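Single-letter residue listing:
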Amino acid sequence: MLAEIFFAYFAVVIVLTSILVIASRNPVHSVLWMLLLFFHIAGLYLMLDAEFLAAIQIIIYAGAILVLFLFVVLLLNLKEEIKGRPFSRIFVIALVLAIGMAVVISSTMKLLPPGPVGQYSMDMIRATKGGNSSIIGRVMYTEFLFPFEIASTILLVAIIGAIVLAKKRLRS
Amino acid sequence: MVPIQWYLWLSVIVFSIGVFGFLSRRNIIVIFMSIELMLNGVNISLVAFSHYLQDMRGQILVFFVIAVAAAEAAIGLAIIISLFRNKATAHVDDIDEMKG
Amino acid sequence: MNQLGYPILSVVIFLPLLGALMVLLINRKNESLIRWVTLITSVLTFILAIPLLTHFDKTTSKMQFVESHTWIPQWNIRYSVGIDGISILFVMLSTLITVLCVLISWKAIKDRIKEFHIALLIVDTAMVGVFSSLDFFLFYLFWEAMLIPMYLLIGVWGGPRRLYAAIKFFLYTLVGSVLMLVGIIVLYFAGGRTFDIVQLSSQNLPYGLQFWLFWAFFAAFAVKVPMFPVHTWLPDAHTEAPTAGSVILAAILIKMGAYGFLRFSIPLFPEATKTYLVPMMLLSMIAIIYGAVICLVQSDLKRLIAYSSVSHMGFVTLGLFALNATGLEGGILQMINHGIVTGALFLGVGIIYERTHTREIADYGGVASRMPVYAAFFMIFTLAAIGLPGLNGFIGEFLILFGAFSAKKAIAVFSATGVVIGAAYMLWLYQKVFFQTVNPKIEAIPDMDLREIVTLLPLVILIVWIGVYPNTFLSYMHASVQHLLERVNIAPESLSIARLLPWR
Amino acid sequence: MSKYLLIPVLPLLAFFINIILGRRYLKDNAQWVSIAAVLGSFVIAVSSLFDVISGSRFYGDIYTWVVAGNFRASVGFNIDELTSIMLIVVTTISSLVHIYSVGYMHGDKGYYRFFSYLSLFTFSMLMLVMSNNFLQLYFGWEAVGLCSYLLIGFWYEKRSASDAGKKAFIVNRVGDFGFALGVFMIYLTFGSLDYRTVFNSLSMHLNDPLVHMNLGITAVDVNLFTLIALLLFCGAVGKSAQIPLHVWLPDAMEGPTPVSALIHAATMVTAGVFMVARCSPIFNLSPFAMNVVAVVGAVTAIFAASIGLVQNDIKRVIAYSTISQLGYMFLAEGVGAYSAGIFHLYTHAFFKALLFLGAGSVMHAMEGELNIQKMGGLRKYMPWTYWTFLLASLSISGIPGFAGFFSKDEILWQAYSSGGPGRLVWIIGSITAFMTALYSFRVFFMAFHGEFRGTHEQEHHLHESPKVMTIPLAILATGAVVAGWVGIPSLLGGGNQIAGYLGHVLGHPKGEGTGMQEMMVMGFSTALGILGIGLSYIMYGRRSELPQKIAAAFKPLYTLFYNKYYVDELYSYTVVKPTLWIGKNILGKVTDGTIIEGVVNGVPGLIGWFSARFRRIQTGLVQEYAAVMAIGILIIMVVLIVW
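As given, the protein sequences belong to chains A, B, C and D, one line each in that order.
Here my numbering is used: the first residue of the first sequence is 1, the next is one more, and so on.
Here my numbering is used: the first residue of the second sequence is 173, the next is one more, and so on.
Here my numbering is used: the first residue of the third sequence is 273, the next is one more, and so on.
Here my numbering is used: the first residue of the fourth sequence is 777, the next is one more, and so on.
Check before you lean on any hint, since a few could be wrong.
[What the hints assert, rightly or not] Listed below are the simulated DSS-like cross-link pairs for lysine-lysine, each with C-alpha atoms no more than 25 Å apart in a straight line:
(1) D:1340 to D:1360
(2) C:704 to D:1365
(3) A:129 to B:259
(4) C:704 to D:1360
(5) D:1325 to D:1150
(6) C:704 to D:885
(7) D:1353 to D:1150
(8) B:259 to A:167
(9) C:546 to C:334
(10) C:713 to D:934
(11) C:713 to D:1340
(12) D:1360 to D:1150
(13) B:271 to A:110
(14) D:1353 to C:704
(15) B:259 to A:110
[As the list claims (entries may be wrong)] Take a look, some chain B residues computed to stay more than 10 Å from chain D by CB distance:
(16) 174
(17) 194
(18) 232
(19) 240
(20) 241
(21) 261
(22) 267
(23) 269
(24) 271
[Unchecked claim] Distance ranges between label pairs, derived from CB positions:
(25) D:933 to C:741: 54 to 62 Å
(26) A:91 to C:433: 22 to 30 Å
(27) D:1385 to B:259: 47 to 55 Å
(28) C:741 to D:1283: 14 to 22 Å
For the record, the hints were derived by calculation from the structure and aren't laboratory data.
It should be emphasised that the depicted structure is a prediction, and the values quoted were computed from it without experimental measurement.
Ideal Cβ positions, reconstructed from N, Cα and C, are used throughout, including at glycine.
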C-alpha cells in the first residue's frame, strides 16, 4: 500500500512538472521545473531498485545537463522571445499527434511479455556484494564493453563539437 | 507491489507531453527540454521493464541514453548558441532557410 | 586465346584510359606536354588497333579476338570482349576519329586543357568498349560511361547555349538508356541468368517478351541514332558542342544507336523486328525527308550539318530495317561513311570557326577566294555527303536504297527524294559559304596550315577509297551479315495480336 | 584492254596533276598537261574507232566495284560502234575546246583550276560512254554533272554563276533520281547491271507474265519494261535538258564559253541521247515509252525554238537552240531511229560547239558583252569568226551539203516514214527546222551585220581573236561541213555509212517509204530552212522595223516566249518556295519547335509544375517536418499493431 502511495505521489508530481516544463513562458522556469521532475524520476528509480541510475539521474541530468541548460538560457538574452506567443502554429496538430501517440503506444501494453525472464532477481541482487551498482558494473564492462567505449567516443566528439560550435569566430 | 502497467502509463504520458512540447513550443530551449522529457519517459519504461523482467540490460540502456543525452545536450546547446549569435532569435519558426 | 596471342582488344580499350591517367598526373600549366601525351596515346591506340584489321578472319561470323574472364561471379557477369565483321570497322573508326579530334583541338581549346584531354581519352575508351563488349553488363557500363565525358565536353567547352544543350542531350539519352537497362535485366532473367550477348543472341525468346524488349531497346537506340520523333537533342548538342565534341557525336556516338539495332535488336528479337519492319522503315523515311527539308532553311552552319545527320542516319536505319544483305551492308557502310563525312564536315566547320568565331552562314561568303585549299577539301566532303558516285556516300546510299527498294518500293522511292534535297541544301551551304564575293568580315583569314591538312587528309583518302573500292570494307561484313540474316530468317513470321501478351 | 584503260585515265591523271600542283607550281603552264592528256586520249580513241571498224570490239570488266549481299557491280568497258562514235565526238571536241581555252582563259586567276576541271570532265564523260554497265554509267552520269556544276560556277564570285551551277546540279539530281530507280528496277528484274547480261536476258523475260503485268501506276497500261524505260528516260530528261527539266541549261551559260561549247552543247547534254540509244533494246520493247520519248523530244524542240526566237543574250539563244536540237535527237530515238539520233548528236557536236566558240570569240572581242542588240557589224573586225559562224549557222539550218542537213533530214525522214504519230512528230520537227533557221540567222545578222550598236570603248577594243582560238574554230567549221558526209542518204548517192555502222548496235528503223516521199521530205525541210534564213534576213539583216511590229502585234505571245513560258517562276512558286516555307514554318517551327520540343520540354515542365506545388510542403520549419515524421511513425505503428 505504501508503495502505491509513494508511486502516486511521484507520478502526480512528474506529470505536473512535465506539463509545467513545456507550459512555462520563461525557460528559466522550465529548467527549474525540470530539476524537480528529475528528482522525482530518481525517486521512481529507487522504487524500482535501480540505485545506480537514480544516482546518475541526479548527478548527470540534474547536476550537469540542466546546469548546462541554465547556463545557455542565461547566456542568451531571451527577453524578446518571452514576450511573444509561446506556441507555434501547429499547436492543435501537435496536441492530436501527442494524444495519438499516447493512445497507440499504450495500446501495445497488452503485448507485455509474461513474467520475469532474466536472472537478476531481487534476491540475487541483494545477495551480491555491492548490489545493483556492482552488477551494472559487471555487465557493463563485460557484455557491453564495446558500446561503452563507443559512448565514450561519442562524448569526446560531443565535447570537441561543442567547443568548435560555441566558440566565437576568431578574426582572421 | 506496483504493477508495471502504472509505470508504463506514466512513461507514455511523460513521453507524449514531450512530444507535444517538441512539436508545439517555439522556444528552441524548451524544445530541447522536451526532448529530455521524451528521453526520460522512455527511461522510466526501460527501468520498469528491467525490474519487471529481472534483466539488467534495461538499466544499461538507460545509462547509454543518459550518456547520449549528455552529448546531445552539449552539441545542441552549442548549436543554439551559434544560431542565436547569427540569427538573434531563439524561435524555431523564425528559421526557415531551407524553405522550398 | 585469339589470333594474336595477346589481349589486343583490352589494350586498345584501356590504353586511352592509361593515357588519361598520365595526363592527370601532368601539371596543368604544361599544356604542350598534355597535348602531346594525348596525341601520342591516341595515335598509339590507333596503330595498336591495326592488327585487328590485318588478322581478322573474314570467312567466319564468329566473334574474334575474344577475351573472357570472370568478373562478378555471383551475377554471372563476365569481362568479355570480342569483335566481328560488324563491329571491327567501328572500333577502327573510333580510334581514328579520336586522333583527329585531338589534332583539331590543338588550338581551339584554350581553357581547362587538361580536363578536356582527359575527357577525350575517356570517351575513346568508352567508344571502343561499347563496340567490343560481349557482355551486357560491360556494354551498359561503357554505354553510360560515354555519356559523362560527352556531357562535360558539351557543357564545359561548348558554345553559348551549351548548358541547355548538354542537359538536353544527357536527359534524352538517359531516358532511353534506362529503359534499355530494364530490358537488359529482363533479358538476364529470361535468358537463364546470363549477360552473355552471344549466348543470348542465339536464344529464341517468346514473342510477347520480344515485343516488350524490342521497344525497351528501341527507346535507347532510337534516341541515339536519332530516329524521327526523338531527334531534337541532336541539333542542339551538335551545334553547341566544341568541334571535337561535334565530331565524336556525329561520327561515333550516334552510330552506337544504329549499331545497337544491329547487334541487339535484330538478333535478339528477330520476330519483333520482322513485325515492325515497315513502321521502322517509315520512320526512317520520315527522318530522311524531314531532316533534309529542315536543312534547307537553316542559317547556322553546324545546325545544318546536324540536321543533315538526321537525314543521313535515316538512310542508315532504312538500310538496316530493309533487312536484306544489300540493305544491311549498305547501312553498315553508310554508318562508316557518315562517320567519316559528317566528322569531316564538322572538322571543317571547326577549322573555319576557329578563325572567325561565327557559325552564321550569312557571315561567310567567298571563302574559296581566301582559303582555296580549304575550299577544295570542303568540296570533297560536300560531294561525299550528297552521294556523288566515286565517293563513299554514293556506295552507302545506293546500296541502302537498293536494299530498301527490294523490300518496300514505295518507301525507297520517297526516301530517294532525300538525295535530291540533300544536294540542294549542301550545295546551298557551299555556295553561301565559299562562293560569291568575299564577305568583308572574313577578309584576312589564312588558309589551312599543315596540322589542319594532316587532320583532314586521312578522311579524304578514306572517302575516295570507299568510293572507288568499297570491297575492302564490305568484305569484312559479308560473313557477319549473312549470319545475322540467317538468324532473322529462321524466326517465324508473326502478326497475331494475341502473341503480344508477355506471359505467352 | 590497257589501251582502252588509258583513254579515261590520261585525263584523270591530268586532273590530279593540275589540281595538286597547279596552284603552286604549274600556274600558267597548266594547259600543257591537260592538252597532252586529251590529245593522247584522242589518238587512242581514233585507233579504237579503227579497231571497231575492223571488227574487233572489246567488252570486259576491269575490277569488281561493289559486292554487297546479292548486289554486284563492276567497272568495265564496252567498246563498240556506238561507243567509238561517242569517243571520237568527246575527245575531238574536248581537244579543240582545250586548245581554244588557252586563248580564252588566258590570264584568269583560276587558269589551272579550269584545265583540271576540263580534264576531270573529259575523264567522266569517257567513263560514261565507255561503261559496260548501268552503275558505271550512273557514275559517269553524276560525275559529268559535278564537272558541269564546277565549271558553270567557275567564276564563283558571281552570284548568278554559283546559282546557275547549283541549279544545274539539283535539277539534274531530279532526273537522276528517276534514273537510279530505273537502275534498281533493272537489277531487280534481271539480277545484273551488266549491259550484255541485261540485254541478252530481255528476250527471256519477254514471255514472263510478271513483266507484262499492269503495274497500275497510271491509267495507261504500264508494264515493267515501260516503267524501266520511263525511269531511265527521266535521267535523260534531266541530263539532256528536256521538258520539264530544261530550266538549268540556259542558266548554265553563266559558265565560261568553252565550257558551254564542250559540256552544254557537244558532250554532256547529249549523254541522255546516248543513254537512250544504249538502252534501245529496252526502249524497243515498250511502244508507250517510245512515244513518250518522241513526244517529249518534239515538244521540247519546238518549245525551246520558240523561246530562242526572242532572246537577246547570244549564248542563251544558242542554249535554247541546243535544247531544241536535243529534242530533235530524242524525237528521232522516239520513232526508233536511234542511229539517226546519234548521227545528229555527232554532227550537232561540231556545229553547236562551233557556234558557242564563235560566240565566245565575239564575247572575247566585246569584253564579255552578251546582248546581241548591242552588237552588229562585227564582220569587218573578226573575219574568221564571221565565216566560221556563218558555216555553223548554215549547218544548223539544214542547208544541203552541210553536216546538219544530212542528220536533220535523216531524222525528219525517219519520223515521216515511221507513220502514225511519226507524221505529227515530223510536222513539229519541220516547223522547228524553220524556226531554227530563223533564230540562228537572227543572231548571225544582228551580231555580224549592220552597224555597231555598242559603246565606243567596246568598238575601240574590237579585234579578231588570237590564232589559238581561231584555229579550233576553223577545224570545227570544217567538221560542221564535212562531218555529215558519212551519212549521205542513198537517195543522194551516198551510202549512209554511219547508219550501217551503228546499225550493228542500234538496229535499223522499221520505217518504209518511197524515194519520192523521201525527196519530198528533204525538199520541204530544205525549203523551210531557206525560208527561215530569208525571213531572218528581211527582219534582222536589213534592220527593218519589222521585228518590233511583230512583237507588238503578238504582244502576249512575245511576252510568253521572252519570259521562257514562265517555267522558272512556275517551279519557284510550286516547288521551291512551298518546300522552303514548309521547312521553315511547319517542320522547323511547328513540328520540331512546338510539337516535339513541346513534348520534350513539356514533361520536365509538368514535373516542374508539380514540384512548384509540392515544394510548399517544404516549409523549412523543423517542427513541421517533425510533425510529418510523427504522422509517419504513427501510421507505421498502427500498421504494425493492426497486423
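Evaluated hints:
1. D:1340 to D:1360: violated, 30 Å
2. C:704 to D:1365: Holds, at about 23 Å.
3. A:129 to B:259: The given pair, whose Cα atoms are some 55 Å apart, is violated under the 25 Å limit.
4. C:704 to D:1360: holds, 18 Å
5. D:1325 to D:1150: holds, 20 Å
6. C:704 to D:885: holds, 21 Å
7. D:1353 to D:1150: Since the Cα atoms of residue 1353 (chain D) and residue 1150 (chain D) sit roughly 35 Å apart, the hinted pair is violated (cutoff 25 Å).
8. B:259 to A:167: Given that 25 Å is the threshold and the Cα spacing comes to 16 Å, the pair holds.
9. C:546 to C:334: Holds, at about 23 Å.
10. C:713 to D:934: holds, 18 Å
11. C:713 to D:1340: It is violated: about 39 Å lies between the C-alpha atoms, which goes past 25 Å.
12. D:1360 to D:1150: violated, 43 Å
13. B:271 to A:110: Since the Cα atoms of residue 271 (chain B) and residue 110 (chain A) sit roughly 42 Å apart, the hinted pair is violated (cutoff 25 Å).
14. D:1353 to C:704: holds, 18 Å
15. B:259 to A:110: Violated: residue 259 (chain B) and residue 110 (chain A) sit about 48 Å apart, past 25 Å.
16. 174: holds, 26 Å
17. 194: For residue 194 (chain B), whose nearest Cβ neighbour in chain D is about 7 Å away, the distance does not exceed 10 Å, so it is violated.
18. 232: Fine: 25 Å to the nearest Cβ keeps residue 232 (chain B) off the interface.
19. 240: holds, 18 Å
20. 241: holds, 18 Å
21. 261: Residue 261 (chain B) clear of chain D: closest Cβ-Cβ about 13 Å, beyond 10 Å.
22. 267: violated, 8 Å
23. 269: Given that some Cβ of chain D is not farther than 10 Å from that of residue 269 (chain B), nearest at about 6 Å, it is violated.
24. 271: At roughly 3 Å from the nearest Cβ of chain D, residue 271 (chain B) sits no farther out than 10 Å, so the non-interface label is violated.
25. D:933 to C:741: 54 to 62 Å: Check failed, 37 Å falls outside 54 to 62 Å.
26. A:91 to C:433: 22 to 30 Å: Hint violated: Cβ distance 51 Å, outside 22 to 30 Å.
27. D:1385 to B:259: 47 to 55 Å: The hint (47 to 55 Å, Cβ to Cβ) is violated, given that residue 1385 (chain D) and residue 259 (chain B) are roughly 33 Å apart.
28. C:741 to D:1283: 14 to 22 Å: violated, 37 Å
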